[in-house]
Amino acid sequence: MSDYAVETINDGLNEFNVEFHGPKDSLYEGGFWKIRVELPDAYPYKSPSIGFVNKIFHPNVDELSGSVCLDVINQSWSPMFDLLNVFEVFLPQLLLYPNPSDPLNGDAASLMMKDRKLYDQKVKEYCEKYAKKEHITNLTPEEEESGEEHTTDEESDPSDDDDEDDDDIAGHADP
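The sequence shown maps to residues 1 to 175 in our numbering.
Accuracy of the hints is not assured; some may be wrong.
Claimed, not checked - Below, a list of computed lysine-lysine pairs in the DSS-like style, where the Cα atoms sit at most 27 Å apart:
1. Lys46 with Lys132
2. Lys24 with Lys117
3. Lys24 with Lys122
4. Lys46 with Lys114
5. Lys117 with Lys46
6. Lys117 with Lys132
7. Lys133 with Lys117
8. Lys132 with Lys122
9. Lys114 with Lys124
10. Lys133 with Lys122
11. Lys133 with Lys24
12. Lys129 with Lys114
13. Lys24 with Lys129
14. Lys129 with Lys117
In short, the hints are calculated from the structure, not lab data.
Using the sequences and the hints, build the whole thing.
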């Protein structure tokens, strides 16, 4: 993992963050994400837990928690795989070839299937808003734990309130 910026959490070797770049020739190209990795005690016989710390708009990534729905990590893991496979093959393939039929983000999956042009635009908007180098270096430890973004006063512009429902709470309360 020498080509990746790795930051340990709590001085342990089982939890760390990895700087991940969007793959070339994808909607995510130019994006920077901090990926939280948790290795179980039984690693490599059990799969690592992988999640995006800063937001990404993708059918197979939960927008709130950053959890990744990736078959090879969740069900088909083998001790033959390692973290290089995760960062050089599995995650880039996930971003290049989203699977809207097995979504963790129903809104992204639905938009991808109904209006690909609008979906592509929203992915790029999220990359601009949440996936720049400064976004992964400005996260506080609490935000990394919760998967939430830190917004500075300069970034929170009241004139942005008429944007799409990006900042709304997911779901609605029952009456």
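For the pair we were handed, Lys129 and Lys114, check the Cα-Cα distance against 27 Å. holds, 23 Å
Would you check the hint for Lys132 and Lys122, treating anything up to 27 Å between C-alpha atoms as holding? Within the cut-off at roughly 15 Å; holds.
For the pair supplied as a hint, Lys133 and Lys24, confirm whether the alpha-carbon distance does not exceed 27 Å. Status holds; Cα separation ~16 Å.
For the pair supplied as a hint, Lys24 and Lys117, confirm whether the alpha-carbon distance does not exceed 27 Å. holds, 19 Å
Has the given pair, Lys114 with Lys124, been kept, meaning a C-alpha gap of at most 27 Å? Holds - the C-alpha atoms of Lys124 and Lys114 are around 17 Å apart, at most 27 Å.
Keeping to a limit of 27 Å between CA atoms, is the pair of Lys24 and Lys129 held or broken? holds, 19 Å
Are the Cα atoms of Lys46 and Lys114 separated by 27 Å or less? violated, 37 Å
Going straight from one Cα to the other, do Lys24 and Lys122 come out at no more than 27 Å? Since the Cα atoms of Lys24 and Lys122 sit roughly 18 Å apart, the hinted pair holds (cutoff 27 Å).
For Lys133 and Lys117, compute the direct alpha-carbon distance and say whether it is at most 27 Å. holds, 26 Å
Straight-line Cα separation of Lys117 and Lys46 no greater than 27 Å? violated, 38 Å
Holds or violated: Lys129 with Lys117, Cα cutoff 27 Å? It holds: about 18 Å lies between the C-alpha atoms, which stays within 27 Å.
For Lys117 and Lys132, compute the direct alpha-carbon distance and say whether it is at most 27 Å. Roughly 22 Å separates the two Cα atoms, so the pair holds.
Of the numbered hints given earlier, the model fails hints 1, 4 and 5; all others are met.
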